[in-house]
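Here the protein sequences come in this chain order: R and C. Letter by letter, the first sequence follows residues 0 to 421 in this note's numbering. Letter by letter, the second sequence follows residues 0 to 421 in this note's numbering.
Simulated from the structure, these hints should not be mistaken for laboratory data. Wrong hints could be hidden among the right ones.
Identical copies look the same in the list; a pair holds intra-copy or inter-copy alike.
[Unchecked claim] Here are the simulated lysine to aspartate or glutamate pairs, EDC-like style, with alpha carbons at most 16 angstroms apart: (1) K414 x D242; (2) K230 x D319; (3) K251 x D319; (4) K115 x E404; (5) K37 x E89; (6) K45 x E89; (7) K215 x D199; (8) K335 x D19; (9) K197 x E219; (10) K245 x D416; (11) K339 x D19; (12) K161 x E128; (13) K38 x E178; (14) K251 x D421; (15) K339 x D199; (16) K414 x E351; (17) K161 x E185.
2 protein chains.
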Amino acid sequence: MRSSEKIKEYVKQLAGQAKDSSRKLALMSADQKNGLLKKIAVSIRKNKGIILEANTKDVKAAEKDSLSKALIDRLLLDERRIEQMAAGLEEVAALDDPVGRMLDKRTRPNGMQIFKISVPIGVIAIIYESRPNVTSDSAGLCIKAGNAVILRGGKEAFYSNKSIADCMRNAIAGCGGPENIIQFVETKERSAVAEILKLDSLIDLVIPRGGESLIKAVTEMSTIPVIKHYKGVCHIFVDKDADLDKALKIIKNAKCQRPGVCNAAETLLVDKAVSEKFLPQAADMLKGEKVELRGCPETMKILRGIKAATEDDWYEEYLDLILSIKVVDGVEEAIKHINKYGSMHSDAIVTENQASALKFLNMVDSAAVYLNASTRFTDGGQFGMGAEIGISTDKIHARGPMGLEELNTYKYVIKGDGQIRD
Amino acid sequence: MRSSEKIKEYVKQLAGQAKDSSRKLALMSADQKNGLLKKIAVSIRKNKGIILEANTKDVKAAEKDSLSKALIDRLLLDERRIEQMAAGLEEVAALDDPVGRMLDKRTRPNGMQIFKISVPIGVIAIIYESRPNVTSDSAGLCIKAGNAVILRGGKEAFYSNKSIADCMRNAIAGCGGPENIIQFVETKERSAVAEILKLDSLIDLVIPRGGESLIKAVTEMSTIPVIKHYKGVCHIFVDKDADLDKALKIIKNAKCQRPGVCNAAETLLVDKAVSEKFLPQAADMLKGEKVELRGCPETMKILRGIKAATEDDWYEEYLDLILSIKVVDGVEEAIKHINKYGSMHSDAIVTENQASALKFLNMVDSAAVYLNASTRFTDGGQFGMGAEIGISTDKIHARGPMGLEELNTYKYVIKGDGQIRD
Numbered sequence: 000m001r002s003s004e005k006i007k008e009y010v011k012q013l014a015g016q017a018k019d020s021s022r023k024l025a026l027m028s029a030d031q032k033n034g035l036l037k038k039i040a041v042s043i044r045k046n047k048g049i050i051l052e053a054n055t056k057d058v059k060a061a062e063k064d065s066l067s068k069a070l071i072d073r074l075l076l077d078e079r080r081i082e083q084m085a086a087g088l089e090e091v092a093a094l095d096d097p098v099g100r101m102l103d104k105r106t107r108p109n110g111m112q113i114f115k116i117s118v119p120i121g122v123i124a125i126i127y128e129s130r131p132n133v134t135s136d137s138a139g140l141c142i143k144a145g146n147a148v149i150l151r152g153g154k155e156a157f158y159s160n161k162s163i164a165d166c167m168r169n170a171i172a173g174c175g176g177p178e179n180i181i182q183f184v185e186t187k188e189r190s191a192v193a194e195i196l197k198l199d200s201l202i203d204l205v206i207p208r209g210g211e212s213l214i215k216a217v218t219e220m221s222t223i224p225v226i227k228h229y230k231g232v233c234h235i236f237v238d239k240d241a242d243l244d245k246a247l248k249i250i251k252n253a254k255c256q257r258p259g260v261c262n263a264a265e266t267l268l269v270d271k272a273v274s275e276k277f278l279p280q281a282a283d284m285l286k287g288e289k290v291e292l293r294g295c296p297e298t299m300k301i302l303r304g305i306k307a308a309t310e311d312d313w314y315e316e317y318l319d320l321i322l323s324i325k326v327v328d329g330v331e332e333a334i335k336h337i338n339k340y341g342s343m344h345s346d347a348i349v350t351e352n353q354a355s356a357l358k359f360l361n362m363v364d365s366a367a368v369y370l371n372a373s374t375r376f377t378d379g380g381q382f383g384m385g386a387e388i389g390i391s392t393d394k395i396h397a398r399g400p401m402g403l404e405e406l407n408t409y410k411y412v413i414k415g416d417g418q419i420r421d
Numbered sequence: 000m001r002s003s004e005k006i007k008e009y010v011k012q013l014a015g016q017a018k019d020s021s022r023k024l025a026l027m028s029a030d031q032k033n034g035l036l037k038k039i040a041v042s043i044r045k046n047k048g049i050i051l052e053a054n055t056k057d058v059k060a061a062e063k064d065s066l067s068k069a070l071i072d073r074l075l076l077d078e079r080r081i082e083q084m085a086a087g088l089e090e091v092a093a094l095d096d097p098v099g100r101m102l103d104k105r106t107r108p109n110g111m112q113i114f115k116i117s118v119p120i121g122v123i124a125i126i127y128e129s130r131p132n133v134t135s136d137s138a139g140l141c142i143k144a145g146n147a148v149i150l151r152g153g154k155e156a157f158y159s160n161k162s163i164a165d166c167m168r169n170a171i172a173g174c175g176g177p178e179n180i181i182q183f184v185e186t187k188e189r190s191a192v193a194e195i196l197k198l199d200s201l202i203d204l205v206i207p208r209g210g211e212s213l214i215k216a217v218t219e220m221s222t223i224p225v226i227k228h229y230k231g232v233c234h235i236f237v238d239k240d241a242d243l244d245k246a247l248k249i250i251k252n253a254k255c256q257r258p259g260v261c262n263a264a265e266t267l268l269v270d271k272a273v274s275e276k277f278l279p280q281a282a283d284m285l286k287g288e289k290v291e292l293r294g295c296p297e298t299m300k301i302l303r304g305i306k307a308a309t310e311d312d313w314y315e316e317y318l319d320l321i322l323s324i325k326v327v328d329g330v331e332e333a334i335k336h337i338n339k340y341g342s343m344h345s346d347a348i349v350t351e352n353q354a355s356a357l358k359f360l361n362m363v364d365s366a367a368v369y370l371n372a373s374t375r376f377t378d379g380g381q382f383g384m385g386a387e388i389g390i391s392t393d394k395i396h397a398r399g400p401m402g403l404e405e406l407n408t409y410k411y412v413i414k415g416d417g418q419i420r421d
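Chain R with its partners taken away, still in its complex shape (with noise of 0.2 angstroms):
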């Protein structure tokens, strides 16, 4: 498939597929949805060996154009992983069903009812990149939700990602269901993306998952609504009423406990009253635990020998073991920084004073934020909400993790006996 006609025609006639099935979808009920996810888990443990093949075809190319170490384990597939995606599934199958929630309900003067009822969105597609459990997690979650699914994955991951949907896809025909609400861009055209992002008359919503050059160019380029999955610059502050106990163990686990994730810490904020006696116990501890640290000039003074933070430092998502630090003078200080460099995702303070744990509270604008806990619980499942698609650092329809309920919209039933407007 190679001319731009091709392509554009091909991305259209998928996405009107998924529409028509997504009708048929959206009347499904909970256990014939709970069906479907069951038995695509089922044949995925089945078909492992032929998922493995594929998963080995895309790691030997990525070792061939000598991708890096850590994208190379994001891509690798075995029996372990596998198996953790068939059992998601299942945990998918086994939430609660988010469709026809009553939301609100009201009988106005002249007799009608007003209903306000969860409904699914549509057809939602997902742009993602890498990591090939991506490709069952999402349309797990969509069906669930009653939406079919428009999967675009990384090119480096393309074989597996289509074997997993071919699988998916053959798991629904074979018990005589739509399979066409999972749909698969079986192509690795860059042109396609550009395409798919134009049919906002088919599509209702489009979720990138992947880095920022991705999401900068979807929402560039799209003209269907999107939610962006941005990265987690994510602070703690260590107000000077904190209990430094606290503060150390919540640092410990916000910055090391797993690096590589977007809720995991990437700057240490310090109110300058306690910075002398607090950031030498905290340099000790992160020392051991191996994290390199970045200061701003009065972190330096304190923490003699320590690489200086740059303007970008305070803009970075490390994904690593590195912290950048910074000596503020007071809370506001600390909600000023985190405004202005943060991605409004999680961010924490840590103290005892009621006043000033208020006032981070009510004026860091961001998703999640933490009084005395770790950034790390911005998660469906640490939140009690079930797995998500993922965490919005959107203020639009979703923000934070992003599960079952944000998959869905909602629409008003009105019922009357002929009442006409005045």
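Following the hints, put chain C in place on chain R, whose structure we already have.
This is chain C only, laid out in the frame that chain R set:
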């Protein structure tokens, strides 16, 4: 102001001021915000002379440019319309404050408390055409919901809009408030819109209000999330089991009571089982109301002499006393027609058959679906939700009437006492 660099600098500065002031506004109490709205209302009444003078300037220019009578009427202000603007602000002040609602609350097994709380969105840009009252109406709703607003009106209403915006800003400044929560784009240059729509780090949401070409252009250019208030191609379907008297009453109301608005009906669908009986009655009534009819071939066999409907007619929002009519083979063909040609706004079925009703209400993919009531009710006030900034035809964030609650987002506030993740 001419050079593109200057315009870019200008709108960036404007949006930066809006962002800064939105942080102050977000912390204001309901009383403080209501105080501002009431002050603005007083100021609009007091400055009606200045506003009318500015409006005369616009109207004279419009007459010189030979704008249509309908456009000039939309543009025209008089004492009554100015009083409506002031009264509208006072009505918004009297509504419940949407900020700070507790949307969810949970305590996790580790003792951490999670609160989901409504908060303002931040900075909202309104790109609109014609009617100068949109300037004060939308600013009032945005402020009440805690958002700063950037106003970009049509060039034909430039001086009217500017005088209203000046009046509002002066009223805020006059009582020591942050007047930068209202920003008016003081240039008619078209490139200003393109520059505004790139400022996704400063502006959180764009709401275009106007014709199809405006909305299309904004959607294509914007990297900021857009909620579209698109056209209303609304349908009334008369089922074979309809109470035909109810049907006549509802069609008359939906088509004729106020044909120029988005929730008026544009297409009548009639089940073929009742078409021979019902269409002549409907045609009699509609001709009495001076409605022009355009029919499908089947309709034209029954209502001889009416105009033929073209394929384009089914997509058309007439906003006028014109109605297209199609005979369909049952509720399923009606649903298919609406989902293909409609604009996902408001659609009604008239029937006494509960099975048909359920099918229609479930399967029609529109913001508001009606059983035995007029589509004219799709309106924040009629739904009992208070004033609205428009009717969203999007599915993301807001669907149907977009009022104060939909002008908010939420954040998660998490309170712990040292919790870390395992």
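Consistency of the hints with the structure:
1. For a Cα distance limit of 16 angstroms, the shortest separation of K414 from D242 across copies, 15 angstroms, qualifies, whereas the shortest one inside one copy, 57 angstroms, does not.
2. For a Cα distance limit of 16 angstroms, the shortest separation of K230 from D319 inside one copy, 13 angstroms, qualifies, whereas the shortest one across copies, 49 angstroms, does not.
3. Proximity of K251 to D319 under the C-alpha cut-off of 16 angstroms is restricted to the intra-copy arrangement: shortest distance 13 angstroms within a copy versus 66 angstroms between copies.
4. Proximity of K115 and E404 under a CA criterion of 16 angstroms is satisfied in both settings, with 14 angstroms inside one chain copy and 14 angstroms between copies.
5. Proximity of K37 and E89 under a CA criterion of 16 angstroms is satisfied intra-copy only: 6 angstroms inside one chain copy versus 56 angstroms between copies.
6. Taking identical chains as interchangeable, the C-alpha atoms of K45 and E89 lie at most 16 angstroms apart only when both belong to the same chain, with a minimum of 15 angstroms there against 66 angstroms between chains.
7. Taking identical chains as interchangeable, the C-alpha atoms of K215 and D199 lie at most 16 angstroms apart only when they sit on different chains, with a minimum of 11 angstroms there against 18 angstroms within one chain.
8. Proximity of K335 and D19 under a CA criterion of 16 angstroms is satisfied inter-copy only: 10 angstroms between copies versus 48 angstroms inside one chain copy.
9. When the C-alpha separation of K197 and E219 is checked against a cutoff of 16 angstroms, the pair qualifies both within a copy, at 11 angstroms, and between copies, at 9 angstroms.
10. Taking the closest pair of Cα atoms, K245 and D416 come within 16 angstroms of each other only across two copies (8 angstroms); inside a single copy the shortest separation is 62 angstroms, beyond that limit.
11. With identical chains, the CA atoms of K339 and D19 are at most 16 angstroms apart between copies only, with a shortest distance of 11 angstroms across copies and 44 angstroms within one.
12. Only within a single protomer do K161 and E128 lie at most 16 angstroms apart by alpha-carbon distance; the minimum there is 13 angstroms, versus 47 angstroms between protomers.
13. For the homomeric pair K38 and E178, the shortest alpha-carbon distance inside one copy (12 angstroms) is at most 16 angstroms, but the shortest distance between copies (59 angstroms) is not.
14. Proximity of K251 to D421 under the C-alpha cut-off of 16 angstroms is restricted to the inter-copy arrangement: shortest distance 12 angstroms between copies versus 65 angstroms within a copy.
15. In this assembly of identical chains, K339 and D199 lie within 16 angstroms of each other by CA distance solely across copies; the values are 14 angstroms between and 33 angstroms within a copy.
16. Within a single copy, K414 and E351 get their C-alpha atoms only as close as 53 angstroms, which misses the 16 angstroms cut-off; across copies the closest is 12 angstroms, which meets it.
17. For the identical chains of this complex, K161 and E185 are intra-copy neighbours only, at 7 angstroms inside a copy versus 52 angstroms across copies, given an alpha-carbon limit of 16 angstroms.
Hint compliance for this structure: every hint is met.
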